[in-house]
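Trainee: Chains as they are written, first to last, in this note's numbering: chain A, 419 to 532; chain B, 152 to 406.
What the hints contain is simulated information worked out from the structure, not anything from laboratory work.
Computed from a predicted structure; not experimentally measured.
One or more hints might be untrue.
Estimated spans, in silico, between C-beta atoms of each pair [stated by the list, open to error]: (1) B:S406 to A:A471: 29 to 39 angstroms; (2) A:K503 to B:H184: 32 to 42 angstroms; (3) A:A462 to B:S406: 31 to 41 angstroms; (4) B:A332 to A:K420: 18 to 28 angstroms; (5) A:K503 to B:N254: 47 to 57 angstroms.
Don't be surprised by glycine CBs; every beta carbon is placed ideally from N, CA and C.
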Amino acid sequence: MKESTIMKIHYGTALAAVALVAVHILMRLTQGFAESLEYESVLANYRFIPYAAMLELILILLAVHGFNGLRVILLELKQGRTYEKAVSYGCLAAMIALITYGSRTIIMTNMGMV
Amino acid sequence: MAQVSGIADEQTSTSLSSSNSILLRISRFNPEHDGSSQFMEFTVTYERWTTVLEAILDVKKHFDHSVAVRYSCRQATCGSCGMMINGKPRLACFTKISELNSNVVTVEPMNNFPIIRDLAVKFERLFDTHQKIKPYLIRDDSELESDEREFLQSPEEVEQYIQFANCIKCGLCNSACPTMATDSSFVGPQALAQAYRYVADSRDKGKDSRLKIIDDSHGIWRCHFAGSCSQVCPKGVDPAMGIQLLRGYLLGFRS
Chain A
419 MKESTIMKIH YGTALAAVAL VAVHILMRLT QGFAESLEYE SVLANYRFIP YAAMLELILI
479 LLAVHGFNGL RVILLELKQG RTYEKAVSYG CLAAMIALIT YGSRTIIMTN MGMV
Chain B
152 MAQVSGIADE QTSTSLSSSN SILLRISRFN PEHDGSSQFM EFTVTYERWT TVLEAILDVK
212 KHFDHSVAVR YSCRQATCGS CGMMINGKPR LACFTKISEL NSNVVTVEPM NNFPIIRDLA
272 VKFERLFDTH QKIKPYLIRD DSELESDERE FLQSPEEVEQ YIQFANCIKC GLCNSACPTM
332 ATDSSFVGPQ ALAQAYRYVA DSRDKGKDSR LKIIDDSHGI WRCHFAGSCS QVCPKGVDPA
392 MGIQLLRGYL LGFRS
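Taking the hints into account, I'd like the entire structure generated from these sequences.
Mentor: The structure is reproduced here in structure tokens:
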């Protein structure tokens, strides 16, 4: 993928994440802070599909943006063909792993496994 | 290292009337047999108009001819005498001692360049990256037919790139760039500014090939917009602006 395409995704995910995290914070303000973090309250959020979908989207946006940022930092720290390939594929794998783990939590909750 | 005082009056190249003196500290390093750099100190006299290069040449003439320094035109045109002067990349021929407002002037080789000896550095990386971005007009019709006129431009078209054409390849911008310090493959502000100079030229048709070259994992996107390149340019070129304008092409804001 061209670096400019990657950076367009990087900037786009940042802007979208700011908007969605703002909505997420506003949603949290509808409850008290301690109440918001109670076990049953968190499960209720995961079971409310529109909100769970937004949380899933935030997870994807932040994972893509964060791991690409990490890739850029690591590429500037050290150079070399093998190292750069390892960094790029490593960050991609870590990004997929994090999204998979986060999605698993939401799916398990909705399937009644939690 | 050695502490030497005073330049003999009869041997100085400048008039000594109303002259002051400063301590000139010159970094000495020969990679062939030195483990690290050391400073040699000289007390030199100067006038209001004396440049750092003239002070260094006085030291070479009267105290130590082995000080290695690259210079040529002495008028900020050739871009040879870039060095760190009191911690900032500057042209030695374009920096008057009186404007430094300091009794101690420290000169060191430019950062982000391998040292040949003392104040002279290798320019290979700068020239390689400069060459990489194809610093020339690319056209299909490079040869003018006899009945054709020159490639005319309006003043507005010239205005798009003319400041970037003032680059003298002195390397001060690359020396000041924080990304150049850590990323050995980064193309650098000098080459990126020159890429913009040709991309913005209405006579040039090589925009796509140049944008492809700089759209690399160590290309234009590794610039963090510190802006230090533009701060140190002795010719008033603004590489940081050129880089942002180039990004406009790659992001689709400009065509």
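Trainee: Hints first: check each against the structure and report whether it holds.
Mentor: The hints, checked one at a time:
Between S406 of chain B and A471 of chain A the Cβ separation comes to about 37 angstroms, which falls inside the hinted range of 29 to 39 angstroms. In this structure the hint that K503 of chain A and H184 of chain B lie 32 to 42 angstroms apart at CB holds, the actual value being about 39 angstroms. Checked against the hint of 31 to 41 angstroms, the pair A462 of chain A and S406 of chain B fails, with Cβ atoms roughly 50 angstroms apart. The given range of 18 to 28 angstroms is respected by A332 of chain B and K420 of chain A, whose C-beta atoms sit roughly 26 angstroms from each other.
Between K503 of chain A and N254 of chain B the beta carbons are some 53 angstroms apart, a value that agrees with the proposed interval 47 to 57 angstroms.
Against the hints set out earlier in the document, a violation occurs for number 3 only.
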